[in-house]
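Anchor point for the sequence shown: position 88 equals 87 in numbering that gives the first Met the number 0, and the numbering is continuous, going up by one each time.
If you are wondering where the hints come from, they were derived from the structure by calculation, not from laboratory data.
Treat each hint with caution, since some may be false.
Stated by the list, open to error - Below, computed lysine to aspartate or glutamate pairings styled on DMTMM-like, alpha-carbon distance capped at 25 Å:
| hint | residue 1 | residue 2 |
| --- | --- | --- |
| 1 | K35 | D13 |
| 2 | K35 | D112 |
| 3 | K36 | E73 |
| 4 | K299 | E243 |
| 5 | K299 | E396 |
| 6 | K204 | E243 |
| 7 | K36 | D183 |
| 8 | K385 | E433 |
| 9 | K299 | E92 |
| 10 | K204 | E409 |
| 11 | K204 | E396 |
| 12 | K35 | E123 |
| 13 | K206 | D325 |
| 14 | K206 | D183 |
| 15 | K385 | E243 |
| 16 | K36 | D112 |
| 17 | K299 | E276 |
| 18 | K206 | D26 |
| 19 | K204 | E283 |
| 20 | K385 | D332 |
| 21 | K206 | E27 |
| 22 | K299 | E123 |
| 23 | K299 | D382 |
| 24 | K206 | E396 |
| 25 | K299 | D332 |
| 26 | K385 | E396 |
| 27 | K204 | E228 |
| 28 | K36 | D13 |
| 29 | K299 | E262 |
| 30 | K204 | E73 |
| 31 | K299 | E433 |
| 32 | K204 | D325 |
| 33 | K204 | E123 |
| 34 | K299 | D268 |
As the list claims (entries may be wrong) - Distance windows between CB atoms, simulated:
| hint | residue 1 | residue 2 | range |
| --- | --- | --- | --- |
| 35 | G230 | D303 | 36 to 44 Å |
| 36 | M0 | E283 | 52 to 60 Å |
| 37 | G115 | D294 | 32 to 40 Å |
| 38 | E409 | A205 | 36 to 44 Å |
| 39 | R301 | R395 | 36 to 44 Å |
| 40 | R323 | S62 | 25 to 33 Å |
Please read all numbers here as calculations on a predicted model, not as lab measurements.
Don't be surprised by glycine CBs; every beta carbon is placed ideally from N, CA and C.
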Amino acid sequence: MRFFNTAGPVNCQDHYCLPPLERINLDEVLTLIQQKKYFVLHAPRQSGKTSMLLALMAHLNASGRYRSLYVNFEVAQGYRERVNAGLTALLQEISGQARWALADTTADAIARDLIGLGASSLSEFLNRWCSASSLPTVLLIDEIDALVGDVLITVLRQLRAGYPHRPAAFPQSVILCGVRDVGDYRIHSEQQQAIITGGSAFNIKAKSLRLGDFSQGETERLLQQHTTETGQAFEPAALAVVWELTQGQPWLVNALAYETCFETQAGRDQAQPITAEMIEEAKENLILRRETHLDQLTDKLREDRVRRVIEPILMSEAFEQQFRTDDVQYVVDLGLIRQDRAGGLRLANRIYQEIIPRELSWEPQTGMTLVEAWYVRPDGRLDLSKLLAAFQQFFREHSDSWLEQFHYREAGPQLLLQAFLQRIVNCGGRVEREYGLGRRRTDLLVIWPVGGESAHQRMSESAHQRIGESAHRRIGE
Numbered sequence: 000m001r002f003f004n005t006a007g008p009v010n011c012q013d014h015y016c017l018p019p020l021e022r023i024n025l026d027e028v029l030t031l032i033q034q035k036k037y038f039v040l041h042a043p044r045q046s047g048k049t050s051m052l053l054a055l056m057a058h059l060n061a062s063g064r065y066r067s068l069y070v071n072f073e074v075a076q077g078y079r080e081r082v083n084a085g086l087t088a089l090l091q092e093i094s095g096q097a098r099w100a101l102a103d104t105t106a107d108a109i110a111r112d113l114i115g116l117g118a119s120s121l122s123e124f125l126n127r128w129c130s131a132s133s134l135p136t137v138l139l140i141d142e143i144d145a146l147v148g149d150v151l152i153t154v155l156r157q158l159r160a161g162y163p164h165r166p167a168a169f170p171q172s173v174i175l176c177g178v179r180d181v182g183d184y185r186i187h188s189e190q191q192q193a194i195i196t197g198g199s200a201f202n203i204k205a206k207s208l209r210l211g212d213f214s215q216g217e218t219e220r221l222l223q224q225h226t227t228e229t230g231q232a233f234e235p236a237a238l239a240v241v242w243e244l245t246q247g248q249p250w251l252v253n254a255l256a257y258e259t260c261f262e263t264q265a266g267r268d269q270a271q272p273i274t275a276e277m278i279e280e281a282k283e284n285l286i287l288r289r290e291t292h293l294d295q296l297t298d299k300l301r302e303d304r305v306r307r308v309i310e311p312i313l314m315s316e317a318f319e320q321q322f323r324t325d326d327v328q329y330v331v332d333l334g335l336i337r338q339d340r341a342g343g344l345r346l347a348n349r350i351y352q353e354i355i356p357r358e359l360s361w362e363p364q365t366g367m368t369l370v371e372a373w374y375v376r377p378d379g380r381l382d383l384s385k386l387l388a389a390f391q392q393f394f395r396e397h398s399d400s401w402l403e404q405f406h407y408r409e410a411g412p413q414l415l416l417q418a419f420l421q422r423i424v425n426c427g428g429r430v431e432r433e434y435g436l437g438r439r440r441t442d443l444l445v446i447w448p449v450g451g452e453s454a455h456q457r458m459s460e461s462a463h464q465r466i467g468e469s470a471h472r473r474i475g476e
């Protein structure tokens, strides 16, 4: 039985999948290759870039018009300023992939001759290897932005230097793939003691393409494959919640569906349909486990250029803030935020809306000792008046010490309130967040299960009204 893929390239024999080449404008890509262009494909991590490159390699080789090879340059990430060692690792990667994917042993012999040659070994290797082929070469380079420092500068400059010799003695087309557009790189050269921009080191780039997220229709098509193979349906409300939580981010869609259908006890019973409640439970499981994808994103929050963008959004001041263009583009490329056509900024999806403030307030949330009894009424409902009064007292007594610990100090009061509420609802409820961009307010929806469904809904509405309208006033009293 196939399953939802959450690690590594997609394999449509093993995984539910959307054909990777359907996610790009294939005609545009083939035209760029035919025109002998060097170009960039970028997208946030775990968006399907590698799957697309592997599918493109297979498509090009099957056409009989090109010799195409996928290589991953992450193997040289650790070499930084040790250029010769880094280039040796890259030659071994290219020759090894050629032997495995193309049954081409010529590359091995060329690489052995050139290892240790020096800083020109990559361009000389590509020159000899392409010259030995009867077909034009298309080189698909993944994880180009894993390289750093002088190794990256050297690779970009050698590709640029060999560009005039294509296609007879250099790759006809090269695709550089990573999280960011190579033109946006700012690379520190230890040898030159200077900052080199990617645009200057690789000024032969013809175009930059971005691999987008799933559309709502594509998200539902992927989920429908599970229904087709197992008979287990997703209720309409469940489909809506998947889209609301993920906005089509490929890893989130697959992880949420896998957790729901294959990990939760209720979801493994394929006689039962997948409900919205199951999806919400799966979402909470992913957040609490700090899955690698989420952990990598939250690790970026420590960077100052990320903080300069995220903090005003958390404070709902995005329309009043002067942003640096490079900062905004960097955070967009990471996939943490979206920018609409009018320039407005918002966190990319509801899962990120929850995980980011929870991560930033993790220490105070963990350090709070709260006894459940005092804030739960005899009928099982939350006593919101007591909650807000207790937070007001907590803030007066402890805010100075806690706020000093926040990296996002300006957003500290909002984060402290959210930590307080999150610590409460961890006993059985949840908090949903909506950042009122430009309104200087964050709406917090506390969902606390009581009696029946209608009571649960009334409690949600009450919490939204009381906290959304009262919290900021009380904090300042």
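Evaluation of the provided hints:
In summary, the hint linking K35 to D13 is not supported, as the alpha carbons are separated by about 35 Å, beyond the 25 Å threshold. This hinted pair does not check out: K35 and D112 have alpha carbons roughly 28 Å apart, beyond 25 Å. This hinted pair checks out: K36 and E73 have alpha carbons roughly 23 Å apart, not beyond 25 Å. The straight-line distance between the Cα atoms of K299 and E243 is roughly 23 Å, inside the 25 Å bound, and the hint therefore holds.
At most 25 Å may separate the alpha-carbon atoms for a hinted pair to count; K299 and E396 exceed this at roughly 31 Å. For a cut-off of 25 Å, the pair hint linking K204 to E243 is broken: about 36 Å separates their Cα positions. A threshold of 25 Å between alpha carbons decides the hint, and for K36 with D183 the separation of about 19 Å falls inside it, so the pair holds. For the suggested pair K385 and E433, the alpha carbons sit about 23 Å apart, so the restraint of at most 25 Å is met.
A distance of roughly 29 Å separates the Cα atoms of K299 and E92; the hinted pair therefore is violated under the 25 Å criterion. Annotation: proposed proximity of K204 to E409 is violated, straight-line Cα distance about 40 Å (limit 25 Å). A hinted pair counts as satisfied when its Cα atoms are at most 25 Å apart, and K204 with E396 does not qualify at roughly 57 Å. Taking the CA atoms of K35 and E123, the gap is near 19 Å; set against the 25 Å cutoff, the hint holds.
Restraint check: the Cα-Cα separation between K206 and D325 comes to about 19 Å, which is no more than 25 Å; the hinted pair holds. For the proposed pair K206 and D183, the alpha carbon gap of about 13 Å is at most 25 Å, so the pair holds. Only pairs whose Cα atoms come within 25 Å are accepted, and K385 paired with E243 is rejected, the gap being roughly 32 Å. Straight-line distance between C-alpha atoms of K36 and D112 comes to about 29 Å, which puts the hinted pair past the 25 Å bound.
For the given pair, K299 sits about 30 Å from E276 by alpha-carbon distance, which is inconsistent with the 25 Å threshold. At most 25 Å may separate the alpha-carbon atoms for a hinted pair to count; K206 and D26 meet this at roughly 14 Å. The straight-line distance between the Cα atoms of K204 and E283 is roughly 42 Å, outside the 25 Å bound, and the hint therefore fails. Proximity of K385 to D332 is assessed by CA-CA distance (about 42 Å); at most 25 Å being required, the pair is judged violated.
The straight-line distance between the Cα atoms of K206 and E27 is roughly 10 Å, inside the 25 Å bound, and the hint therefore holds. In summary, the hint linking K299 to E123 is not supported, as the alpha carbons are separated by about 37 Å, beyond the 25 Å threshold. At most 25 Å may separate the alpha-carbon atoms for a hinted pair to count; K299 and D382 exceed this at roughly 37 Å. In summary, the hint linking K206 to E396 is not supported, as the alpha carbons are separated by about 56 Å, beyond the 25 Å threshold.
Between K299 and D332 the CA atoms are separated by roughly 12 Å; this keeps the pair inside 25 Å, and the hint holds. Between K385 and E396, the direct Cα distance comes to roughly 16 Å. Compliance with the 25 Å bound is thereby established for this hinted pair. The straight-line distance between the Cα atoms of K204 and E228 is roughly 43 Å, outside the 25 Å bound, and the hint therefore fails. Distance hint between K36 and D13 is unfulfilled; the C-alpha atoms sit about 34 Å from each other, more than 25 Å.
Of the supplied pair hints, the one linking K299 and E262 is violated, its CA atoms being roughly 28 Å apart against a limit of 25 Å. Restraint check for K204 and E73: satisfied, since their Cα atoms lie roughly 21 Å apart, inside the 25 Å limit. Simply put, K299 and E433 have alpha-carbon atoms about 21 Å apart, close enough for the 25 Å limit, and the pair holds. Using a Cα cut-off of 25 Å, the hinted pair K204 and D325 holds, with the two alpha carbons roughly 19 Å apart.
At roughly 21 Å between alpha-carbon atoms, K204 and E123 fall within 25 Å of each other, so this suggested pair holds. Distance restraint check for K299 and D268: the Cα-Cα separation of roughly 38 Å exceeds the 25 Å cut-off, and the hinted pair is therefore not satisfied. With their beta carbons about 51 Å apart, G230 and D303 fall outside the hinted range of 36 to 44 Å. For M0 and E283, the Cβ-Cβ distance of about 26 Å falls outside the hinted range of 52 to 60 Å, so the restraint is violated.
Under the hint 32 to 40 Å, the C-beta atoms of G115 and D294, about 39 Å apart, fit the expected range. As the Cβ distance of E409 to A205 is approximately 42 Å, the hint placing it in 36 to 44 Å holds. Range check, R301 to R395: about 29 Å between beta-carbon atoms, so the 36 to 44 Å window is missed. The hinted window of 25 to 33 Å between R323 and S62 is violated, with their beta carbons roughly 44 Å apart.
Of the numbered hints listed earlier, those contradicted by the structure are 1, 2, 5, 6, 9, 10, 11, 15, 16, 17, 19, 20, 22, 23, 24, 27, 28, 29, 34, 35, 36, 39 and 40.
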